[in-house]
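Undergrad: One letter stands for each residue in the lines below.
2 protein chains.
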Amino acid sequence: MPDIIVKKFGGTSVSNPEKIEKVANIIISSYKNNKNIVGVVSAQGNTTDVLIDKAYEINSSPSTREMDVLLSCGEQITISLLTMAIEKKGYAAVSFTGWQAEIITNSNFGNARIQKINTEKIYTELNKRNIVIIAGFQGINEFGDITTLGRGGSDTTAIALACVLKAKKCEIYTDVSGVFTADPKIVKNSKKLSSINYDEMFEMASLGAGVLHNRSVEMAKKYNVELEVKSSIENIEGTIIKNEDKNLEKMLITGVTKDSDIAKISLIGLENKRGAAYKTFSKLAKEEINVDIIIQNMNENEKNISFTISKNNLEKSLKILNKNKNIIKFKNILCDKNLSKISIVGTGMISNPGVASKMFEALHEEKINIHLISTSEIKITVLVESKDAKKAMLAIHKKFFNEF
Amino acid sequence: MPDIIVKKFGGTSVSNPEKIEKVANIIISSYKNNKNIVGVVSAQGNTTDVLIDKAYEINSSPSTREMDVLLSCGEQITISLLTMAIEKKGYAAVSFTGWQAEIITNSNFGNARIQKINTEKIYTELNKRNIVIIAGFQGINEFGDITTLGRGGSDTTAIALACVLKAKKCEIYTDVSGVFTADPKIVKNSKKLSSINYDEMFEMASLGAGVLHNRSVEMAKKYNVELEVKSSIENIEGTIIKNEDKNLEKMLITGVTKDSDIAKISLIGLENKRGAAYKTFSKLAKEEINVDIIIQNMNENEKNISFTISKNNLEKSLKILNKNKNIIKFKNILCDKNLSKISIVGTGMISNPGVASKMFEALHEEKINIHLISTSEIKITVLVESKDAKKAMLAIHKKFFNEF
Chain A
23 MPDIIVKKFG GTSVSNPEKI EKVANIIISS YKNNKNIVGV VSAQGNTTDV
73 LIDKAYEINS SPSTREMDVL LSCGEQITIS LLTMAIEKKG YAAVSFTGWQ
123 AEIITNSNFG NARIQKINTE KIYTELNKRN IVIIAGFQGI NEFGDITTLG
173 RGGSDTTAIA LACVLKAKKC EIYTDVSGVF TADPKIVKNS KKLSSINYDE
223 MFEMASLGAG VLHNRSVEMA KKYNVELEVK SSIENIEGTI IKNEDKNLEK
273 MLITGVTKDS DIAKISLIGL ENKRGAAYKT FSKLAKEEIN VDIIIQNMNE
323 NEKNISFTIS KNNLEKSLKI LNKNKNIIKF KNILCDKNLS KISIVGTGMI
373 SNPGVASKMF EALHEEKINI HLISTSEIKI TVLVESKDAK KAMLAIHKKF
423 FNEF
Chain B
23 MPDIIVKKFG GTSVSNPEKI EKVANIIISS YKNNKNIVGV VSAQGNTTDV
73 LIDKAYEINS SPSTREMDVL LSCGEQITIS LLTMAIEKKG YAAVSFTGWQ
123 AEIITNSNFG NARIQKINTE KIYTELNKRN IVIIAGFQGI NEFGDITTLG
173 RGGSDTTAIA LACVLKAKKC EIYTDVSGVF TADPKIVKNS KKLSSINYDE
223 MFEMASLGAG VLHNRSVEMA KKYNVELEVK SSIENIEGTI IKNEDKNLEK
273 MLITGVTKDS DIAKISLIGL ENKRGAAYKT FSKLAKEEIN VDIIIQNMNE
323 NEKNISFTIS KNNLEKSLKI LNKNKNIIKF KNILCDKNLS KISIVGTGMI
373 SNPGVASKMF EALHEEKINI HLISTSEIKI TVLVESKDAK KAMLAIHKKF
423 FNEF
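For the record, the sequence lines run as chains A and B. Note that the first sequence covers residues 23 to 426 in my numbering. Note that the second sequence covers residues 23 to 426 in my numbering.
I should point out that these hints are in silico values taken from the structure, not numbers from a laboratory. Here the structure is a predicted model, which is why all the values come from computation and not from measurement. We treat Cβ as the ideally placed atom computed from N, Cα and C, and that holds for glycine. It is possible that some hints are incorrect.
Claimed, not checked - Examples of chain B residues toward chain A, derived with CB under 7 Å:
#	residue
1	PRO39
2	GLU79
3	ASN81
4	SER85
5	GLU88
6	VAL91
7	LEU92
8	GLN98
9	GLU109
10	LYS110
11	GLN122
Please work from the sequences and hints to get the whole structure.
TA: Below, the structure is given as structure tokens:
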């Protein structure tokens, strides 16, 4: 059997008939090149938002089961349209919804996890040299209910299919042509990376690089699926994401990222006793507030804890913390929502001392004040004032990439 | 277990959030009255047309399999929204698509026939006193493909469900409040029938009364399912359709109908040999042209055949007939597309001679010329010029109902 390639196309790549035709051409071109193609597609353009609005017009807290019945129509529409477009060009294709493709998930409606995929039906079609178009983002639970996979769901579907079908590659088509050393919209001379490893991509994704959801990268790493992020508009090479060998001549850092959707909270004057962090973050976790960076330090007999959250969780978090002031035992609470997070990522920094100081040097030269520093093995993050964020990003990018 | 009532709501009854709420209220009110409710719904308003347009923008002759994948989203959207509306009011409900409700059909995509319905899942939900909302118009074939049932499909779903679930009644909610002696838009003083039998309804439906598709009536008759056609707007009694005993005091006729979407074709000067009708209508049938009324008569050694078809089939039919002129052997062909069909229907006419003459009298009094007459046991049809159709209908209605 020819190699199987899984190709995933997001909502903007299939938002109108012309774009769908373009996607059909990409698929057919690869098919004619003696490949077996499994296409995975998302809902067209803003279809999902339109469906969500429809639900909220009727019920402000719809049950998650019914929401999934509703939302799954989005991809179901796309699979039929794309299959029709392929058939028009004279190639045999067949569409499968999540349940038809037997993508079995748990029952966590709205954010379900794939548990199993029965591949028999898909293989049967591929063996007939049919192109198979599968709805991303959706599955079916053990009771026969429709489920959806939540954010980044179509990528997850594509990667899971690539894994179970033992595909040669999983290609993620987007409106950018790959992964860049920094967002090309901000940093004009940023460079496209020809390859990047899973861990770096994971940090890039979780830092808001926006190309792939971190859950997808995690899955690709776990099952060692080779990914390529590439353009659905231009026919050029993208960025390969795989399990690279560590290379001595590797670039020092892989990229610079920026995330402005953050707010910082500091708890001042905590008693120097065990349990302060646990009490603080368990209260927030119970209300499903995701905390990003956490740093804690100590002065004499007092501790301070600072952490970042998404901006829209700020008010709720302050309310929770103030309510529990006597349990957590802090003296004062401070917050700041005018900060942005700038990070550099790269496995190269492990074996290269001086990366952090180079980053701080770049910021110092631009007279940018650093509000917080946090580091991990392959990432260094700083918080700066949002008004300085773009300048900071450009300075850091220049420092690392123009001298390299 | 409480009695099961199947309630079917068409596309106009669920076209916006307010109407969906109204439907939820109708269902809940009956549920509270100690009934188990199975709701069957169509796609909202013009959703199906929007989806069809989407397909044709991409492929002018899409495969019927993919068309069914696409169109089935219409009802899937409605079932989730209606279920959310019921849940909002605090009642437990669950939605099922055609495949979830296990409505098994043959593989005739776009016009599939229901072969079997597995009732276990539905009974399980009803036994828990849940309201069950099922997508009309759709099913699944033995291979797991999505199918749709074609015109009148949601009515068919509702009636089939009423049959297999041994429901007490199947209520068809529409934007009219029942079956009338004539179209209330044309005949202002037409009367709503409190009941009508299947055969009469069948003739009314096939004559364009527009409330129920004849395929649905046929099915209800076959399985002896009691139907009620009623208003989704006003809470009033509708028209019951059932297997009535023949009643001596029954009304002479049940209703008057009009259909303007017809064209008449006459083949003049056919040889007086066997096979002329067969040759004519087999050629038309092969091209899927439905023929309605057929009359044939003979003068000396020649036969003439006249028949009616839908207006949009006129050109195609003329082309087919002219191409086969030497096989069918006619001398001349005539056609007229400015005619309308007026019919009176009623089992009462079987035992009451003089019904036909009364109809002709009404037309004569209005100086309306009759172009063709055709009669069956419970129906008399005439063709008149379209400009006279409304006048004809009013005159006949007055003759029968105002004197009754």
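Undergrad: Run every hint past the structure and note whether it holds.
TA: Results of checking the hints against the structure:
1. A least Cβ separation of about 5 Å between B:PRO39 and chain A falls short of the 7 Å threshold, and the interface hint therefore holds.
2. Below 7 Å, beta-carbon pairs count as interface contacts, and B:GLU79 has one with chain A at about 5 Å; its hint therefore holds.
3. The closest approach between the C-beta of B:ASN81 and any C-beta of chain A is roughly 4 Å, which is under the 7 Å cut-off, so the hint is satisfied.
4. A cut of 7 Å between beta carbons decides the hint on B:SER85: the least distance to chain A is about 6 Å, and the hint holds.
5. Because the beta carbon of B:GLU88 sits about 4 Å from the nearest beta carbon in chain A, less than 7 Å, this interface hint is met.
6. Because the beta carbon of B:VAL91 sits about 4 Å from the nearest beta carbon in chain A, less than 7 Å, this interface hint is met.
7. A least Cβ separation of about 4 Å between B:LEU92 and chain A falls short of the 7 Å threshold, and the interface hint therefore holds.
8. The restraint placing B:GLN98 at the interface with chain A holds, with a minimum CB-CB distance near 5 Å, inside the 7 Å limit.
9. About 6 Å separates the beta-carbon of B:GLU109 from the nearest beta-carbon of chain A, less than 7 Å, and the hint is met.
10. Satisfaction of the interface hint for B:LYS110 is found here, the shortest Cβ-Cβ separation to chain A being roughly 4 Å, below the 7 Å cut-off.
11. The interface hint given for B:GLN122 is met, as the beta carbon of that residue sits about 6 Å from the closest beta carbon of chain A, less than 7 Å.
Taken one by one, the earlier hints all hold for this structure without exception.
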